[in-house]
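*Asks:* Each chain, letter by letter, is given below.
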Amino acid sequence: MSDVDFTYIQPDGEEKQVEAMEGMTLMEAALFNGIDGIQGLCGGICSCATCHVALDKELYDKLDAPSEGEAEMIAMLDDHGPTSRLGCQVSISEALRGARIRVLGTEA
Amino acid sequence: MCVAEADPILNQPQIYDPYEYALHDDPYPVYRRLRDEFPLYYNRKHDFYAVSRYADCMTVLRNFKTFINGKSTTLEKEVIPGSLPFILSMDPPDHTRLRHLMVNQFRPHNVAPLEEVVRETARKLLAPHAGTGRIDIIADFAAKLPMAIICALMGVDPADEDMLRGWTDDIVHREDGSNEIVEVNITGTRNLLGYFEEMIQGRLARGEVGEDIVGQLIAFEQQGKLNHAEVLGYLYLLAIAGNETTTKLIGNFTYQLWENRHERDRLIGDPSLAAGAVEETLRIDGPTQMQGRETAEPFELHGHTIPAGSKVAVILTSGNRDERHYDDPETYRMDRGSRDHLGFGGGLHSCLGAALARLEGRIALEEMLATMPDWDIDLASTRRMHSAYVRGYTHLPLTFTPRSAA
Ligand code: HEM
Ligand code: FES
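Protein chains in written order, with my numbering: chain A, 25 to 132; chain B, 26 to 431.
Incorrect hints may have been included.
Stated by the list, open to error - Below, simulated DSS-like cross-link-like pairs (lysine-lysine); rule was C-alpha separation at most 30 Å, straight line:
id, chain 1, residue 1, chain 2, residue 2
1, B, 90, A, 40
2, B, 70, B, 90
3, B, 250, B, 70
4, B, 250, A, 86
5, A, 40, A, 86
6, B, 70, B, 102
Stated by the list, open to error - Distance windows between CB atoms, simulated:
id, chain 1, residue 1, chain 2, residue 2, range
7, A, 43, B, 240, 29 to 39 Å
8, B, 322, A, 132, 25 to 35 Å
9, B, 32, A, 87, 46 to 56 Å
10, B, 323, A, 43, 23 to 33 Å
11, B, 158, A, 45, 15 to 25 Å
12, A, 91, B, 188, 29 to 39 Å
13, B, 424, A, 45, 55 to 65 Å
14, A, 27, B, 253, 43 to 53 Å
15, A, 87, B, 202, 52 to 62 Å
16, B, 247, A, 41, 33 to 43 Å
17, B, 137, A, 45, 48 to 58 Å
18, B, 332, A, 39, 30 to 40 Å
19, B, 40, A, 132, 28 to 38 Å
20, A, 88, B, 62, 45 to 55 Å
Derived from the structure by calculation, the hints contain no laboratory data.
Bear in mind that the values here come from a model prediction, so they are computed numbers and not experimental data.
No residue lacks a Cβ here, since even glycine has one placed at the ideal position from N, Cα and C.
Isolated chain A (complex conformation):
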C-alpha cells in the first residue's frame, strides 16, 4: 500500500499536510499526525462523533455514501453540513490525494 498526501485544516485555521498509508482512516491518520480537533474517542466504532470532518463537495461525491449508522450520527451533530463525514468511517485511498479536509472539532 502506498502513502497518500493530503491536508487537514485544523479548527483554528492552521493547515497541516500529512502523508498517510492507504487503508487507514481519516481519524487514525489525524491521531498519527497530532491533528487538533480530532479526538477519536471511541476508536472508530462510530459512536462518539469526535472525528467530524467536512470534505470538498467533489471529494464527497467521489466516495461511497455514509452508511446508515454514520448518517444517523452526523444528523445529530449541531454543526453538520452537506459534506460532513465521520473521519473514522473514511478510508484513505488515492481519491484523497491532494484533498483538503476541514476538521470541525466536535466534542463528545
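Using the hints provided, position chain B with the ligands relative to the given structure of chain A.
*Replies:* For chain B with the ligands alone, kept in the frame of chain A given last:
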C-alpha cells in the same frame, strides 16, 4: 531505573497500590488525593507511574507513540507464559490491521440486531428467580449474560460457557498485594487457547468454517490477513474482554441505583432513561478502573521526566471523577449526558465491544426493572472481585417483592 536520589517523587507517600485488596472496597478517596496532591504519582514497590486527572489520562491515551501498549496493558513486567499477542497488546501498524478486520461488526448499527437475543437471554436467566424474591445478581445473571452472548457470537457450545468463564476468571486472578503471575493464570491461558485451537481444527476437519467470529477469523487467516497466533489471540481477548467487564457493569449499576434510590424511582417511571443510567455508571463506577502503558521515550509531565521504559497506570475512573472536567463529579446523575468519559478508554485502543456492552447493560437494566424494580441489597453478604484493573462484585445477593408467574 535511573531516577535521581533527590527526586521528590521518590518520597511520595505510598497511597496507591492497585494490587492491595483493601483498596478495592473504595478506591475513590485515594484517587481524589492522587488528583489533588500527586497528579504524577510513583509507586516504589511495583515501580510504576500513575496519572489520575482527566486531562492527563487523555494525554497518555492520545500519545500512543510515546505511551505504547507494548507487550501488555498491565503493570506487570512479565506477560503470562504461553499467552499470544492480541490486539490490546499491539501497537500500530499491526494494531490497526487487526482492529480494521473487526471494527465494522462492532459498530452500534451492526450490534443493534442482537437486541432480541440479548433480551431473550436476559429474560430466561431472570425468570426462575422472579417468583422467589431473591437472586444473586452476579452469579445468577450478570456473569452469565455477557458470556452467553459472546459465546453465541463465536459459535461456542452453550454447554461450555461455564467452563470458559472459569478459565477467564483464572487468567485475571492475582494474590493480595502481589503482581506476580500465578499458576492458575498459566493453566487458564493454556486451557482457553487449547479450547479455541480444538474448535478451529474441528471446523477445518469438517470443512465447515462457519460465519460467526471464529469462522471470520479462520477466513482472514486463509486470506493471509492474520497469522494463526493472531487468530487465537483475538479469540482469547474477546472471551476475556467481552465477559468480566460487562458482568461488573451490571453489578455496579445494581449497586449505584440502590444507593441512589431517587434515580431508580425515576427509572421505574421512565425506563427510557436506562441507557443514561448505564452511561453514568460507566463514568462514576466503571468496571475498568485502570489500564497500563509503557513509555517508548522519556516524557515530561508535571515537572518530572518519566524515563523511557517506565510503566504508567492510567486511572480511568479517577479521570471520570475529576472535578477539573465534570461538575459535581461524585454525584450519580443519569441524565448527565456525558459520553466523553473514559469508561471504555479512548483513542486507538478504545473498547471495541463498547456498543455491545452498552446494549447488554441497557437491556439487563430494563429487564431487572421489569422483574424486580424494588431490589434490596444485603450488603453484608456481598463479595468483591480483587483485581488491579477491574472493579466490581463477584456476589451481590438481592431480595425483592416476588412476582407470581404470568
Ligand atoms: C462494560 C463493559 C466493558 C468495559 C468497561 C470495557 C472496557 C475497555 C477498555 C477501558 C478498553 C481499553 C483498554 C486500553 O486502552 O488499554 C477496552 C478494550 C477492548 N475491549 Fe472492552 N470493555 C467492555 C466490554 C467489552 C466487550 C463486550 C467486548 C467484546 C465483545 C470488548 C472487547 C474489547 C477489545 C477487543 C478491546 C481492545 C481494543 C484495542 O486494543 O483496540 N470489551 N475495553
Ligand atoms: S472515532 Fe468515534 S465516531 Fe469516529
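*Asks:* Please go over all the hints and tell whether each is borne out by the structure.
*Replies:* To see whether the hints hold, each was checked on the structure:
1. The hinted pair formed by residue 90/B and residue 40/A meets the criterion: a straight-line CA distance of about 19 Å does not exceed 30 Å.
2. At roughly 27 Å between alpha-carbon atoms, residue 70/B and residue 90/B fall within 30 Å of each other, so this suggested pair holds.
3. Distance hint between residue 250/B and residue 70/B is unfulfilled; the C-alpha atoms sit about 42 Å from each other, more than 30 Å.
4. The hinted pair formed by residue 250/B and residue 86/A meets the criterion: a straight-line CA distance of about 28 Å does not exceed 30 Å.
5. Pair hint residue 40/A plus residue 86/A holds up; C-alpha atoms about 23 Å apart against a cutoff of 30 Å.
6. For the suggested pair residue 70/B and residue 102/B, the alpha carbons sit about 13 Å apart, so the restraint of at most 30 Å is met.
7. Judged by the Cβ atoms, the range 29 to 39 Å given for residue 43/A and residue 240/B holds: they are separated by roughly 36 Å.
8. A C-beta distance of roughly 29 Å is found between residue 322/B and residue 132/A, which places it inside the suggested range of 25 to 35 Å.
9. At about 52 Å, the beta-carbon gap between residue 32/B and residue 87/A stays in the expected band of 46 to 56 Å.
10. Evaluation of the 23 to 33 Å hint for residue 323/B and residue 43/A yields a pass: the beta carbon distance comes to about 26 Å.
11. Judged by the Cβ atoms, the range 15 to 25 Å given for residue 158/B and residue 45/A is violated: they are separated by roughly 59 Å.
12. Here the CB-CB span from residue 91/A to residue 188/B is close to 38 Å, well matched to the stated 29 to 39 Å.
13. In this structure the hint that residue 424/B and residue 45/A lie 55 to 65 Å apart at CB holds, the actual value being about 57 Å.
14. At about 30 Å, the CB distance of residue 27/A to residue 253/B disagrees with the hint of 43 to 53 Å.
15. The hinted window of 52 to 62 Å between residue 87/A and residue 202/B holds, with their beta carbons roughly 54 Å apart.
16. In this structure, residue 247/B and residue 41/A meet the distance hint of 33 to 43 Å, their C-beta atoms being roughly 39 Å apart.
17. Checked against the given bound of 48 to 58 Å, the beta carbons of residue 137/B and residue 45/A, roughly 31 Å apart, lie outside it.
18. The beta-carbon spacing between residue 332/B and residue 39/A, approximately 35 Å, falls within the hinted interval of 30 to 40 Å.
19. For the pair residue 40/B and residue 132/A, the beta carbons lie near 31 Å from each other, so the given range of 28 to 38 Å is met.
20. Distance hint check: the CB atoms of residue 88/A and residue 62/B are about 52 Å apart, consistent with the given range 45 to 55 Å.
In the structure shown, a violation is registered for the earlier hints numbered 3, 11, 14, 17, in ascending order.
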